[in-house]
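In order, the protein sequences belong to chains A and B. No gaps in the numbering here: position 340 of the first sequence is 344 in the numbering used here, and each next residue is one more. No gaps in the numbering here: position 38 of the second sequence is 42 in the numbering used here, and each next residue is one more.
Quick caveat, the hints were computed from the structure, so don't treat them as lab data. Honestly, I wouldn't trust all of these hints.
If chains are identical, the list can't say which one is meant, so a pair holds when it fits in one copy or spans any two.
What the hints assert, rightly or not - 30 Å max Cα-Cα, derived DSSO-like pairs, lysine-lysine:
hint: 1; residue 1: K108; residue 2: K220
hint: 2; residue 1: K300; residue 2: K333
hint: 3; residue 1: K108; residue 2: K254
hint: 4; residue 1: K51; residue 2: K300
hint: 5; residue 1: K483; residue 2: K108
hint: 6; residue 1: K26; residue 2: K259
hint: 7; residue 1: K238; residue 2: K51
hint: 8; residue 1: K238; residue 2: K413
hint: 9; residue 1: K51; residue 2: K333
hint: 10; residue 1: K51; residue 2: K137
hint: 11; residue 1: K108; residue 2: K387
hint: 12; residue 1: K388; residue 2: K401
hint: 13; residue 1: K137; residue 2: K450
hint: 14; residue 1: K81; residue 2: K108
hint: 15; residue 1: K340; residue 2: K51
hint: 16; residue 1: K200; residue 2: K333
hint: 17; residue 1: K51; residue 2: K193
hint: 18; residue 1: K401; residue 2: K61
hint: 19; residue 1: K259; residue 2: K327
hint: 20; residue 1: K51; residue 2: K461
hint: 21; residue 1: K193; residue 2: K340
hint: 22; residue 1: K348; residue 2: K61
hint: 23; residue 1: K14; residue 2: K108
hint: 24; residue 1: K51; residue 2: K200
hint: 25; residue 1: K117; residue 2: K81
Protein chains: 2
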Amino acid sequence: MSEFLTSRKKDYSLWYNELVKKAGLAENSAVRGCMVIKPYGFSIWEKMQSALDTMFKETGHSNAYFPLFIPKSYFSKEASHVEGFAKECAVVTHYRLRNSADGKGVEVDPDSKLEEELIVRPTSETIIWNTYKNWIQSYRDLPLLINQWANIVRWEMRTRLFLRTAEFLWQEGHTAHETEKEAREETLKMLDVYRKFAEEYLAIPVYSGIKSESEKFAGAVDTYCIEGLMQDGKALQMGTSHFLGQNFAKAFDVKFSSRTGALEHVWGTSWGVSTRLMGALVMAHSDDDGLILPPKIAPLHVVIVPIYKSDDEFTRVSEVALKILSEIKSLGLTVKFDDRKDHKPGWKFSEYEMKGVPVRIALGPRDLQNGTAEVSRRDTKEKKLYAISTLEKEIPKLLDEIQKNLFKKALDWRTQNTCQANDFAQFKKVLDETPGFVMAHWDGTKETEERIKDETKATIRCIPVDGSAEKGKCMVTGKDSARRVVFARAY
Amino acid sequence: MSEFLTSRKKDYSLWYNELVKKAGLAENSAVRGCMVIKPYGFSIWEKMQSALDTMFKETGHSNAYFPLFIPKSYFSKEASHVEGFAKECAVVTHYRLRNSADGKGVEVDPDSKLEEELIVRPTSETIIWNTYKNWIQSYRDLPLLINQWANIVRWEMRTRLFLRTAEFLWQEGHTAHETEKEAREETLKMLDVYRKFAEEYLAIPVYSGIKSESEKFAGAVDTYCIEGLMQDGKALQMGTSHFLGQNFAKAFDVKFSSRTGALEHVWGTSWGVSTRLMGALVMAHSDDDGLILPPKIAPLHVVIVPIYKSDDEFTRVSEVALKILSEIKSLGLTVKFDDRKDHKPGWKFSEYEMKGVPVRIALGPRDLQNGTAEVSRRDTKEKKLYAISTLEKEIPKLLDEIQKNLFKKALDWRTQNTCQANDFAQFKKVLDETPGFVMAHWDGTKETEERIKDETKATIRCIPVDGSAEKGKCMVTGKDSARRVVFARAY
Numbered sequence: 005m006s007e008f009l010t011s012r013k014k015d016y017s018l019w020y021n022e023l024v025k026k027a028g029l030a031e032n033s034a035v036r037g038c039m040v041i042k043p044y045g046f047s048i049w050e051k052m053q054s055a056l057d058t059m060f061k062e063t064g065h066s067n068a069y070f071p072l073f074i075p076k077s078y079f080s081k082e083a084s085h086v087e088g089f090a091k092e093c094a095v096v097t098h099y100r101l102r103n104s105a106d107g108k109g110v111e112v113d114p115d116s117k118l119e120e121e122l123i124v125r126p127t128s129e130t131i132i133w134n135t136y137k138n139w140i141q142s143y144r145d146l147p148l149l150i151n152q153w154a155n156i157v158r159w160e161m162r163t164r165l166f167l168r169t170a171e172f173l174w175q176e177g178h179t180a181h182e183t184e185k186e187a188r189e190e191t192l193k194m195l196d197v198y199r200k201f202a203e204e205y206l207a208i209p210v211y212s213g214i215k216s217e218s219e220k221f222a223g224a225v226d227t228y229c230i231e232g233l234m235q236d237g238k239a240l241q242m243g244t245s246h247f248l249g250q251n252f253a254k255a256f257d258v259k260f261s262s263r264t265g266a267l268e269h270v271w272g273t274s275w276g277v278s279t280r281l282m283g284a285l286v287m288a289h290s291d292d293d294g295l296i297l298p299p300k301i302a303p304l305h306v307v308i309v310p311i312y313k314s315d316d317e318f319t320r321v322s323e324v325a326l327k328i329l330s331e332i333k334s335l336g337l338t339v340k341f342d343d344r345k346d347h348k349p350g351w352k353f354s355e356y357e358m359k360g361v362p363v364r365i366a367l368g369p370r371d372l373q374n375g376t377a378e379v380s381r382r383d384t385k386e387k388k389l390y391a392i393s394t395l396e397k398e399i400p401k402l403l404d405e406i407q408k409n410l411f412k413k414a415l416d417w418r419t420q421n422t423c424q425a426n427d428f429a430q431f432k433k434v435l436d437e438t439p440g441f442v443m444a445h446w447d448g449t450k451e452t453e454e455r456i457k458d459e460t461k462a463t464i465r466c467i468p469v470d471g472s473a474e475k476g477k478c479m480v481t482g483k484d485s486a487r488r489v490v491f492a493r494a495y
Numbered sequence: 005m006s007e008f009l010t011s012r013k014k015d016y017s018l019w020y021n022e023l024v025k026k027a028g029l030a031e032n033s034a035v036r037g038c039m040v041i042k043p044y045g046f047s048i049w050e051k052m053q054s055a056l057d058t059m060f061k062e063t064g065h066s067n068a069y070f071p072l073f074i075p076k077s078y079f080s081k082e083a084s085h086v087e088g089f090a091k092e093c094a095v096v097t098h099y100r101l102r103n104s105a106d107g108k109g110v111e112v113d114p115d116s117k118l119e120e121e122l123i124v125r126p127t128s129e130t131i132i133w134n135t136y137k138n139w140i141q142s143y144r145d146l147p148l149l150i151n152q153w154a155n156i157v158r159w160e161m162r163t164r165l166f167l168r169t170a171e172f173l174w175q176e177g178h179t180a181h182e183t184e185k186e187a188r189e190e191t192l193k194m195l196d197v198y199r200k201f202a203e204e205y206l207a208i209p210v211y212s213g214i215k216s217e218s219e220k221f222a223g224a225v226d227t228y229c230i231e232g233l234m235q236d237g238k239a240l241q242m243g244t245s246h247f248l249g250q251n252f253a254k255a256f257d258v259k260f261s262s263r264t265g266a267l268e269h270v271w272g273t274s275w276g277v278s279t280r281l282m283g284a285l286v287m288a289h290s291d292d293d294g295l296i297l298p299p300k301i302a303p304l305h306v307v308i309v310p311i312y313k314s315d316d317e318f319t320r321v322s323e324v325a326l327k328i329l330s331e332i333k334s335l336g337l338t339v340k341f342d343d344r345k346d347h348k349p350g351w352k353f354s355e356y357e358m359k360g361v362p363v364r365i366a367l368g369p370r371d372l373q374n375g376t377a378e379v380s381r382r383d384t385k386e387k388k389l390y391a392i393s394t395l396e397k398e399i400p401k402l403l404d405e406i407q408k409n410l411f412k413k414a415l416d417w418r419t420q421n422t423c424q425a426n427d428f429a430q431f432k433k434v435l436d437e438t439p440g441f442v443m444a445h446w447d448g449t450k451e452t453e454e455r456i457k458d459e460t461k462a463t464i465r466c467i468p469v470d471g472s473a474e475k476g477k478c479m480v481t482g483k484d485s486a487r488r489v490v491f492a493r494a495y
C-alpha cells in the first residue's frame with residue numbers, strides 16, 4: 005500500500021472513487037455504466053445479504069426468482085409506472101447473431117427480430133403481479149410474502165460506483181394482502197427492518213419517513229424511505245418501502261374471493277435495498293486512510309501481523325500468533341494471520357487500514373517476553389497493550405465497542421448537521437454553512453418543492469412519520485404547514 | 005392435494021412437468037422460455053447454493069460479480085468461442101423507450117440505438133478475461149480463484165423447466181494460473197467438488213470424465229463433466245469443468261511476468277453448475293406421489309401432523325407435538341408442526357409427500373397414551389412406531405439412513421442400467437431394451453461419433469479418466485480403440 009488517498013477535505017468525490025478502487029471494492033467495467041464488484045467488495049455485500057436475508061425470513065418472507073426480461077407492453081399497464089420507469093432501460097430486440105459478411109466478426113441477424121421487445125427489468129412489479137394473478141384466488145392464498153435477490157438495469161446517464169450504476173444488485177420484496185390495513189402494516193414493518201439493519205449493522209443512523217408526491221415510486225400510493233447522512237453533508241436514500249394500494253392488482257387483474265365471498269382486488273407492497281448500501285457504508289464511516297467497517301458486516305474481524313527480524317523470531321512469534329488465531333476463531337470470529345514474508349509490517353498495517361479491518365494485533369519478540377500483544381482498533385486508531393491471555397475475552401468486547409462507537413460518531417455527526425430553518429434565506433445559509441439535514445416548514449405543494457430544489461438543489465428527503473409534528477408556516481410561501489419536513493442535498 | 009400425478013410409466017415427461025409444478029418448484033412465465041422459480045423450489049436451490057458455496061470457499065475461491073452485458077465484439081476474440089456461443093442469445097440494441105404516437109403505449113426510441121450491441125451473457129469468460137487483463141501483472145497476482153453466482157441467457161428453441169430454459173441461474177468459476185499443471189489440477193479439483201456434491205448431497209452417483217472434441221465447451225482445450233442417470237434411463241450432464249489452456253489469455257492479451265522474469269500468457273479454467281441440478285434431483289429420485297428429497301438439501305426435514313377429533317384432543321396432541329418440535333429443532337434440523345385445522349391429516353400426508361419432506365411424524369391421542377409416535381419415511385414409505393422419548397436420537401439416524409438409501413438406490417439403478425456392448429447391433433439393442441449407460445469401444449473419430457448419434461440418438465457422455473482403460477476395437481468401424489467410453493441417450 006504505497007499509494008495513499010486524496011483527502012476528503014481536498015476532494016470528497018475523488019476520495020470516494022479512489023477508496024472504492026484501492027480497497028478492492030469495485031471498479032468500472034468495459035461496459036458503460038456497469039461495474040465489476042471485486043472479491044473484497046463482494047464479501048462485504050455477502051455479509052449484508054446474509055443479515056438482511058435472515059431478517060426477511062424471520063418476518064415470514066420466502067425467496068423466489070422471476071424472469072430478467074419483461075415484455076414491453078407490461079409497462080404500459082400501470083399508468084404512472086411507465087412514466088417513471090420504462091424510459092431509460094435496456095431493450096432486447098433480437099435473439100440471434102450471425103457471422104458478418106466480411107468474415108471478421110458477428111452481427112445481429114435481422115431475421116431474429118422479436119415480435120415484442122423485451123425490457124431488462126428495471127424493477128419487477130409488472131412481471132411479478134402478472135404471475136401473482138395465477139397464484140391468488142382466495143383469501144387463503146394471502147398474504148403472499150416473497151422476496152427476490154436479483155440484478156437490475158436502469159440506463160443511467162451519469163454513473164458512480166455503487167451509488168448509481170446501469171446494472172446493480174438488489175433485493176426486491178413483493179407482497180400481496182387481503183386488506184389495506186395489512187398491506188400498510190407490512191410497508192412499515194419492512195421500513196423498520198431497513199432502519200434496524202442500517203443502524204444496527206451498518207452503524208448508520210437514519211431518518212425514516214414518507215416521500216413527497218413528486219419523489220415517490222412510480223406506481224405507489226405511498227413511498228417510505230430511510231435516509232442517511234454522509235460525511236460531506238449530503239443525504240443518501242438507503243432503502244424504500246412502497247404501499248402500492250391496489251394499483252398493480254388492478255393493472256394486472258389480480259382478484260381474490262374474500263372471507264365474505266366478494267371478489268376484491270389484492271393490496272400490495274414492494275420494498276428494496278441495493279448495492280448502493282456499499283456506497284453509504286464507505287461514505288458514512290471511512291477516513292483518509294481507507295475503509296472503516298462496522299464489525300457486524302466486516303468479512304475479516306481481526307488480522308494478526310508478526311513483527312520479527314530473524315527466522316528464529318518469526319518461528320517463535322508464529323507459534324503464539326497461531327494460538328491466538330485459533331482462540332479467536334473459536335469465538336466464531338474471522339481472523340487471519342498474515343505471515344507473508346515479502347511485505348514489511350508497516351506495509352501490511354496500511355493495507356489493512358485501507359481495507360477497514362476493525363482490529364489489528366501486532367506481535368513481536370518483546371511481546372512474547374512480556375506476554376502482551378499490541379492491539380489497534382481501526383476506528384479510532386488507538387493502540388493498547390493487552391495481556392495475551394486476556395485477548396479471548398477482550399477482542400469481542402472491543403469489536404462490540406467499535407460497532408457502538410461508529411454508530412455514535414455517525415449519530416453525533418448527524419446531530420451536528422441537522423438544523424432548523426425558519427425562512428428561506430436562513431435555509432440557504434444553513435445548507436451552505438453546515439451542509440446536512442435541514443428541518444423546515446413547507447406548504448405541501450409541488451410548486452414550492454420545485455422552487456426550493458431549483459434555487460438550492462435541496463430536496464425533501466422525507467416527511468417524518470414519528471409523533472414530532474409541530475405546526476408552522478412554509479418558509480417560502482408563508483402558507484400553513486402541518487409539520488417540518490426533512491430537506492437536504494442528496495446523492 | 006386432491007390432484008395426483010401422471011405415472012412415470014405412463015408418460016415420464018408429463019410426470020416430470022406435473023411434479024415440478026405441483027410440488028411448487030417452478031412454472032413457465034409469460035416470457036418465452038423463462039421460468040419462475042417458486043418459493044419452495046427456490047428454497048431447495050438455496051440449500052444447493054449454500055453447500056456448493058461452502059465447498060468453493062473451502063477450496064480457496066472468492067465470489068465476485070461481473071457485468072450482465074458483454075460487448076458484441078468480445079465474442080469474436082476467441083475463435084471457437086464465438087462459434088459455440090454468440091449465436092443464440094439476447095441482443096440489447098437500444099436503451100430508451102418513448103410514448104408511442106397513438107398515446108396507447110411505449111415504443112423503442114430509434115434515437116437510442118447503441119453504437120455497439122450488448123449481448124446478455126450466455127457465459128462470462130470474455131468479460132471476465134477482459135477484466136483479468138488489468139488484475140494480473142505478475143506471478144504474485146496468481147492464482148486468481150474467483151466464482152460468480154449469476155443469471156445466464158441462452159436463446160433455446162425448445163425449453164423445459166430447469167433442464168433447458170432461456171434464462172437460468174448458475175455459478176461460474178473462472179480461475180487464472182501460472183502454469184499448465186496448476187490449471188489442470190484446478191480443473192480436476194473442481195470436477196471432483198462437483199462429483200462429491202452430486203453424490204454426497206444430491207445422492208446421485210455420477211460418472212466423471214472428459215468430453216469428446218465435438219461435445220467440449222467452445223473455447224476450452226479440454227472439458228470434463230459429471231453425468232448422472234435418470235429414472236427413464238437417460239443421462240443428464242450435471243456439471244462441467246473446463247481446462248481453457250491459454251486460449252482466453254491469448255484472446256484478451258492477459259500476460260504475467262513469471263518467476264524467471266519472462267512475460268507469459270496466463271493459464272485458465274472455468275467450471276459451472278446450474279439450476280439444471282434441480283431437474284436432476286427430481287428425475288433421479290422422485291416417484292409417482294411426488295418429490296423425494298435427500299435430507300441434506302431438504303428445506304424441511306421433518307413435519308409433525310396432529311391426529312385428533314375433538315378440540316381437547318387437539319390441545320393435548322399439540323402440547324406433545326410442540327415438545328417434540330423443539331427437541332428436533334435443537335438438533336439443528338428444520339421441523340414444522342402443521343396445525344392447520346382446515347385440512348384433514350390424509351390431505352396433509354399427500355401434500356408433504358408431493359413436496360418430498362423426508363420424515364413425517366403423525367401423533368394422535370392413542371400415541372399419547374402409549375408414549376409413541378408414528379414415523380414415516382418418504383423414500384420407502386415405511387411407517388414405524390417409535391417411543392417419543394427416543395425421537396431425538398432416532399430422527400437424525402433416520403435422516404442419515406434416508407440419505408444413504410437414496411444414494412444406494414440410485415447407484416443400484418445405474419449398475420442395473422450400465423451395460424457393455426461389443427458390436428453396433430448389440431449397442432442398439434441394449435439402448436432400447438435397458439436404456440442407460442453403454443460402455444463401448446469407439447475409434448476416436450468425429451465421423452464415427454456422428455454416425456452413432458444419427459443412428460441411435462446416443463452420444464458420448466464422457467471418456468472416463470479413471471484407471472479402467474481396456475483396449476479393444478471400435479464397435480462401428482473395427483478400428484483400434486484405447487478404451488471403452490460412456491454412451492447414453494441424454495437430456
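Here is what the structure says about each hint:
| no. | hint | result |
| --- | --- | --- |
| 1 | K108 x K220 | between (49 Å within a copy, 24 Å between copies) |
| 2 | K300 x K333 | both (15 Å within a copy, 26 Å between copies) |
| 3 | K108 x K254 | between (51 Å within a copy, 17 Å between copies) |
| 4 | K51 x K300 | both (8 Å within a copy, 24 Å between copies) |
| 5 | K483 x K108 | neither (68 Å within a copy, 39 Å between copies) |
| 6 | K26 x K259 | between (52 Å within a copy, 22 Å between copies) |
| 7 | K238 x K51 | within (26 Å within a copy, 41 Å between copies) |
| 8 | K238 x K413 | within (16 Å within a copy, 63 Å between copies) |
| 9 | K51 x K333 | both (17 Å within a copy, 25 Å between copies) |
| 10 | K51 x K137 | between (34 Å within a copy, 28 Å between copies) |
| 11 | K108 x K387 | neither (62 Å within a copy, 67 Å between copies) |
| 12 | K388 x K401 | within (14 Å within a copy, 50 Å between copies) |
| 13 | K137 x K450 | neither (35 Å within a copy, 50 Å between copies) |
| 14 | K81 x K108 | between (43 Å within a copy, 10 Å between copies) |
| 15 | K340 x K51 | both (17 Å within a copy, 28 Å between copies) |
| 16 | K200 x K333 | both (27 Å within a copy, 27 Å between copies) |
| 17 | K51 x K193 | both (22 Å within a copy, 27 Å between copies) |
| 18 | K401 x K61 | both (29 Å within a copy, 28 Å between copies) |
| 19 | K259 x K327 | neither (63 Å within a copy, 40 Å between copies) |
| 20 | K51 x K461 | neither (34 Å within a copy, 47 Å between copies) |
| 21 | K193 x K340 | between (38 Å within a copy, 25 Å between copies) |
| 22 | K348 x K61 | between (45 Å within a copy, 28 Å between copies) |
| 23 | K14 x K108 | neither (49 Å within a copy, 51 Å between copies) |
| 24 | K51 x K200 | both (15 Å within a copy, 27 Å between copies) |
| 25 | K117 x K81 | both (23 Å within a copy, 25 Å between copies) |
The structure shown violates the earlier hints numbered 5, 11, 13, 19, 20 and 23.
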